[in-house]
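J.: These protein sequences, in sequence, are chains R, H and A. Position 44 of the first sequence, counted from 1, bears residue number 44 in this note's numbering, the numbering being contiguous throughout. Position 6 of the second sequence, counted from 1, bears residue number 6 in this note's numbering, the numbering being contiguous throughout. Position 157 of the third sequence, counted from 1, bears residue number 157 in this note's numbering, the numbering being contiguous throughout.
Treat the hints with caution; some may be incorrect.
[As the list claims (entries may be wrong)] As a list, the in silico DSSO-like pairs of lysine-lysine whose alpha-carbon atoms are at most 27 Å apart:
1) K53(R) x K11(R)
2) K365(A) x K431(A)
3) K229(A) x K156(A)
4) K103(R) x K11(R)
5) K287(A) x K472(H)
6) K11(R) x K154(H)
7) K53(R) x K123(R)
8) K472(H) x K79(H)
9) K229(A) x K53(R)
10) K365(A) x K154(H)
11) K472(H) x K462(H)
12) K26(H) x K431(A)
13) K64(R) x K317(H)
14) K153(A) x K148(H)
15) K287(A) x K26(H)
16) K103(R) x K53(R)
17) K64(R) x K156(A)
18) K53(R) x K153(A)
19) K287(A) x K148(H)
20) K247(A) x K154(H)
21) K156(A) x K26(H)
22) K472(H) x K64(R)
23) K344(H) x K154(H)
Read the hints as simulated data drawn from the structure, not as lab findings. Please read all numbers here as calculations on a predicted model, not as lab measurements.
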Amino acid sequence: MEFPTDLKYTKNDEWVQVEGNIATVGITDYAQDQLSDIIFMEVTAEIGEELDKDATVAEVESVKAAAFIYMPVSGVIVETNAELHDTPEMINADPYGAAWMFKFEIANPVELDDLLDATAYEKYCQEREH
Amino acid sequence: MTEPLLYELSSPGRRALRLPEVDVPKVALPEGLIREDLPLPELSEIDVVRHFVRLSQLNYGVDTGYYPLGSCTMKYNPKVNEDIARLPGFTFTHPLQDPDTAQGNLALMYSLQEWLSEIGGFAAVSLQPAAGAHGELTGILIIRAYHKDRGDEKRTKILVPDSAHGTNPATTTMSGMEVIEIPSDERGNVDLASLRGHCDESVAGLMLTNPNTLGLFEEQVGEVIELIHGCGGLVYGDGANMNALLGVVRPGDLGFDVLQYNLHKTFSTPHGGGGPGSGPVGVAEHLVDFLPTPVVGVVEEGDEVLPPLYGFVRPKKSIGRVKCFHGHFGVAVKAYTYLRMLGKTGLREVADHSVLNANYLRVRMRDAYRIPYDRICMHEFVAEGRWEDAPDIHALDIAKRLMDYGFHPPTNYFPLIVREALMIEPTETESLETLDAFVEAMLEIAENARSDPELLKTAPHKTPFGRMDEVKAARELVLCCWPVERDAL
Amino acid sequence: MAYIPHTEADRRAMLAAIGLERMDDLYDAIPQEVRFPDLNLPEPISEMEITREMLTLSEANLEVQHVPCFLGAGAYNHFIPSIIDHILQRNEFYTAYTPYQPEISQGTLQAIFEYQSLMCNLTGMEVSNASHYDGATALAEAVILALNQHRGKRHKVLLSPTIHPHYRQVVRTYTQGMGLTIAGDESLDISSAMFAEMLDEETALVAVQYPDFLGRIEEFSSLGEAASKTEALFCVVVNPLALGLLKPPSEFGADIVVGDGQPLGIPLSYGGPYVGIFTTRQQYVRKMSGRLVGETVDSRGQRGYVLTLTPREQHIRRDKATSNICTNQGLMALATAVYLSIAGKQGLREVAELCYHKAHYAAEKIDALDHYSLWHRGPYFHEFVVACPRPVAEINDQLLEYDILGGYDLGQVYPTLADHMLIAVTEVINKEEINDLVDVLEEVAHD
Numbered sequence: 001m002e003f004p005t006d007l008k009y010t011k012n013d014e015w016v017q018v019e020g021n022i023a024t025v026g027i028t029d030y031a032q033d034q035l036s037d038i039i040f041m042e043v044t045a046e047i048g049e050e051l052d053k054d055a056t057v058a059e060v061e062s063v064k065a066a067a068f069i070y071m072p073v074s075g076v077i078v079e080t081n082a083e084l085h086d087t088p089e090m091i092n093a094d095p096y097g098a099a100w101m102f103k104f105e106i107a108n109p110v111e112l113d114d115l116l117d118a119t120a121y122e123k124y125c126q127e128r129e130h
Numbered sequence: 001m002t003e004p005l006l007y008e009l010s011s012p013g014r015r016a017l018r019l020p021e022v023d024v025p026k027v028a029l030p031e032g033l034i035r036e037d038l039p040l041p042e043l044s045e046i047d048v049v050r051h052f053v054r055l056s057q058l059n060y061g062v063d064t065g066y067y068p069l070g071s072c073t074m075k076y077n078p079k080v081n082e083d084i085a086r087l088p089g090f091t092f093t094h095p096l097q098d099p100d101t102a103q104g105n106l107a108l109m110y111s112l113q114e115w116l117s118e119i120g121g122f123a124a125v126s127l128q129p130a131a132g133a134h135g136e137l138t139g140i141l142i143i144r145a146y147h148k149d150r151g152d153e154k155r156t157k158i159l160v161p162d163s164a165h166g167t168n169p170a171t172t173t174m175s176g177m178e179v180i181e182i183p184s185d186e187r188g189n190v191d192l193a194s195l196r197g198h199c200d201e202s203v204a205g206l207m208l209t210n211p212n213t214l215g216l217f218e219e220q221v222g223e224v225i226e227l228i229h230g231c232g233g234l235v236y237g238d239g240a241n242m243n244a245l246l247g248v249v250r251p252g253d254l255g256f257d258v259l260q261y262n263l264h265k266t267f268s269t270p271h272g273g274g275g276p277g278s279g280p281v282g283v284a285e286h287l288v289d290f291l292p293t294p295v296v297g298v299v300e301e302g303d304e305v306l307p308p309l310y311g312f313v314r315p316k317k318s319i320g321r322v323k324c325f326h327g328h329f330g331v332a333v334k335a336y337t338y339l340r341m342l343g344k345t346g347l348r349e350v351a352d353h354s355v356l357n358a359n360y361l362r363v364r365m366r367d368a369y370r371i372p373y374d375r376i377c378m379h380e381f382v383a384e385g386r387w388e389d390a391p392d393i394h395a396l397d398i399a400k401r402l403m404d405y406g407f408h409p410p411t412n413y414f415p416l417i418v419r420e421a422l423m424i425e426p427t428e429t430e431s432l433e434t435l436d437a438f439v440e441a442m443l444e445i446a447e448n449a450r451s452d453p454e455l456l457k458t459a460p461h462k463t464p465f466g467r468m469d470e471v472k473a474a475r476e477l478v479l480c481c482w483p484v485e486r487d488a489l
Numbered sequence: 001m002a003y004i005p006h007t008e009a010d011r012r013a014m015l016a017a018i019g020l021e022r023m024d025d026l027y028d029a030i031p032q033e034v035r036f037p038d039l040n041l042p043e044p045i046s047e048m049e050i051t052r053e054m055l056t057l058s059e060a061n062l063e064v065q066h067v068p069c070f071l072g073a074g075a076y077n078h079f080i081p082s083i084i085d086h087i088l089q090r091n092e093f094y095t096a097y098t099p100y101q102p103e104i105s106q107g108t109l110q111a112i113f114e115y116q117s118l119m120c121n122l123t124g125m126e127v128s129n130a131s132h133y134d135g136a137t138a139l140a141e142a143v144i145l146a147l148n149q150h151r152g153k154r155h156k157v158l159l160s161p162t163i164h165p166h167y168r169q170v171v172r173t174y175t176q177g178m179g180l181t182i183a184g185d186e187s188l189d190i191s192s193a194m195f196a197e198m199l200d201e202e203t204a205l206v207a208v209q210y211p212d213f214l215g216r217i218e219e220f221s222s223l224g225e226a227a228s229k230t231e232a233l234f235c236v237v238v239n240p241l242a243l244g245l246l247k248p249p250s251e252f253g254a255d256i257v258v259g260d261g262q263p264l265g266i267p268l269s270y271g272g273p274y275v276g277i278f279t280t281r282q283q284y285v286r287k288m289s290g291r292l293v294g295e296t297v298d299s300r301g302q303r304g305y306v307l308t309l310t311p312r313e314q315h316i317r318r319d320k321a322t323s324n325i326c327t328n329q330g331l332m333a334l335a336t337a338v339y340l341s342i343a344g345k346q347g348l349r350e351v352a353e354l355c356y357h358k359a360h361y362a363a364e365k366i367d368a369l370d371h372y373s374l375w376h377r378g379p380y381f382h383e384f385v386v387a388c389p390r391p392v393a394e395i396n397d398q399l400l401e402y403d404i405l406g407g408y409d410l411g412q413v414y415p416t417l418a419d420h421m422l423i424a425v426t427e428v429i430n431k432e433e434i435n436d437l438v439d440v441l442e443e444v445a446h447d
């Protein structure tokens, strides 16, 4: 199970990569493993849309489960990964790389402080596996 | 051993149904409105019979063997119910014919309403909802309407335990209210402290399944209901697990305000491969006016000579109609017949033996399977389908291997609060021999989990079909097919 | 004890294994004050006694095997081939549960796949679910699909006034917590041409019925186009038997086609159980509620069927599910599949034509009577509206004295149609019965 140290994480199993004031979001290795074979992915938010922290941005479905992807902090959507819609299996194969889901402009950088680092997130995952 | 599809058995020009020649003058068909092609299969009667008989032989039902699906109450479906529901006096009645000409049906519906009220401890019952989930929606809409009627617009939340069936939160969302999930405590009951923290004026009500989906009777049900009533909310009961309560305790007496019954679970009507069911709703006195319209009532009292005249009555503040016509009358006839035969003593025996059977299985399985809440259960209990020393084996594998023993597996992966859950409900119609055979199978599987895990992981071996590729089904959606000629176009 | 196999010895052995003395000890968790109520219910009776009792009860009804039935209004007395019930009574079909274990449920699963296919064949749509409770709840689910499709941004629904009144009531009940405006059915004068004008950016869905509640057939291409322009979903409520004859709604731009399958081999049964048909375009499949069966392959390479796209459903999505529906109408869907297999391409068309010609014969003869007239002159299928010289209730009472079950009193639903009767004629009615109806109508024209 991978927990890249250069990323930040949420308790909803999203990873966040911050470059300047743009954030890239996807779901973690732990999440894709829990969901197992992913068959569908759709970004429901629109480019240019301003969203608060925890607003729903996308949906993922596997054979057994459905999950929602939320804004880790507030911002404005600037780009979405169109390829994922056609090849959702990529999320299982490469959750941190090719399966990035959307990018947004961070509205309030202070909110980033609430995100978890790799160690904290890994611990959180272990707690859930009791 | 696959059975061909209807379209694969079809042959152009074949026909089965033959009707008399038209005995009136033919008139012109409306221009521009007639279809050019009707892409249906063409089969002879013997083809149709063999096709569906062969399909049925690929199925497993309660009449085939043991079917311990938790919270589904797969009890024996009495055959007399089937015959009676098929009496032409019932099946050949039109829902809109003058009520005066359907007094047999209306008397039956009225009595069933009364008996269900009596069994549940409620003031009135509607037979209109078509299934459990339908009854749930009805019940929650009734709660919503009650608050609005009193001018209380603030109540927008429904509290739902984390052990609840998925229909509970889904129903809440459909009714336009917000779901607040309440955790369970370490004994499997609703966490009182957490519940207390959420009880305020924004709570419309609580949805409670009792016994809960762990098969346990809520140990503090009185306090739970008092807390909700105390903040002005109402308590909705999911009556799916009523089999354990018949003649033992009435939800209405415990304080529930509204409850849906499942005729296809507790009251022996068959599951039909997924339906039709029936989900009547019972309500306390203060909710009677909100029931769906219409209910069956006495329109003219009877006397020593004449029976009462029954008809349809509209509750004064009804939430409206939830179904076309009157509900699943054909299913209600079966439940009525069952209740009439069992009578008051028969019902208590049902509860007693369903609870006895479940507890017997629990004590016989407890050494081989971890039972997280191991105390006297009601009509079902939940075991974990996993072992530390067999990390590759999951509840799914146990379920698949059970089929090799000729049993239907228990419910898997529900409730969500137990890992690798196996929810086991034997029902009262299973004998001691069957239960012992099931225990033997479960014990052998537990052993095989350690000694021969591959046997489980590749199970089932003895069924007509093996495990299905569900990923392929979801990724390459093939949801219907067409006659060959059309595909060729 | 009915259906309980335990002997006294069994009970004793089991209690001992559990470690209890008496059966009552199983209930210690139950509050004493309310335990073991004395239920006010009758004493038990035997199977022999109940059979007799229920026969008597059933005979306290007027049943349409003995009396020609001209009553339709959403439930129709059609011929039901005997094979259907024989299949429905196969124990492996009717005592099975929802097919969650596909390895031992291929009977149910393939039958549902075939049902889904047949519904698509009839309606011309691309996908069908495994059914809803009835036509009314199917229409309500269509509304919910449209709301979800528009992501909650549109709050208006237009319903034709000639959709079955119960269906429109059910839609209103279902959506009462959703902040919707439902319009279009306030008056019979609102036509589908007017609907096209009423569509706007707020409209999530527009729905019509075909043939409509009054029996009329209308072609909806222009409404279909108008709906498409405003991106409102276009829903058509159908009588599936009529589709044996009439153009399928796919040909005039329907996005969703719903209806009730009762006319396809399901007995009247005083209103239920019936089966709710729900079909739509492939692009909406993820927003469609209800069960879905898909084709796949098993571990041994055999073609098989399985419940699919289950994450749409309540048991996984929970509060985010689009609907709470848990059941389909399994056995009733099977009944329609068997009926359509028996009727087939030629048979269904023939049944539809028989209904059509017989209804037109009846209508013309009634129209020729002095005191009755046809209310509508355009095309209709097997139901038509007749203006009567007296209240419909009185005429129906008189008809009963002649052992005839008359049509529906439209005054109960449409104030402008008081004293108008909706008459249905199906293939089971013969010419003599129609002639008798006409004769009696003439006779009872005055008190």
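J.: Work down the list of hints and note, for each, if the structure agrees.
T.: Structure-based check of each hint:
1. K53(R) x K11(R): Holds. K53(R) to K11(R) sits at ~13 Å (cutoff 27 Å).
2. K365(A) x K431(A): Measuring from Cα to Cα gives roughly 11 Å; hence the hint holds.
3. K229(A) x K156(A): The hint holds at about 16 Å.
4. K103(R) x K11(R): holds, 19 Å
5. K287(A) x K472(H): holds, 20 Å
6. K11(R) x K154(H): Violated, at roughly 31 Å.
7. K53(R) x K123(R): With Cα atoms ~23 Å apart, K53(R) and K123(R) stay inside 27 Å; holds.
8. K472(H) x K79(H): violated, 40 Å
9. K229(A) x K53(R): violated, 35 Å
10. K365(A) x K154(H): Violated. K365(A) to K154(H) sits at ~60 Å, over the 27 Å cutoff.
11. K472(H) x K462(H): holds, 23 Å
12. K26(H) x K431(A): holds, 12 Å
13. K64(R) x K317(H): With a Cα-Cα distance of about 42 Å, the restraint between K64(R) and K317(H) is violated, given a limit of 27 Å.
14. K153(A) x K148(H): Holds - the C-alpha atoms of K148(H) and K153(A) are around 25 Å apart, at most 27 Å.
15. K287(A) x K26(H): Roughly 44 Å separates the two Cα atoms, so the pair is violated.
16. K103(R) x K53(R): holds, 14 Å
17. K64(R) x K156(A): violated, 34 Å
18. K53(R) x K153(A): At roughly 21 Å apart (the allowed maximum being 27 Å), K153(A) and K53(R) satisfy the hint.
19. K287(A) x K148(H): Roughly 30 Å separates the two Cα atoms, so the pair is violated.
20. K247(A) x K154(H): violated, 50 Å
21. K156(A) x K26(H): violated, 44 Å
22. K472(H) x K64(R): Status holds; Cα separation ~13 Å.
23. K344(H) x K154(H): violated, 43 Å
Of the numbered hints stated above, those contradicted by the structure are hints 6, 8, 9, 10, 13, 15, 17, 19, 20, 21 and 23, listed in ascending order.
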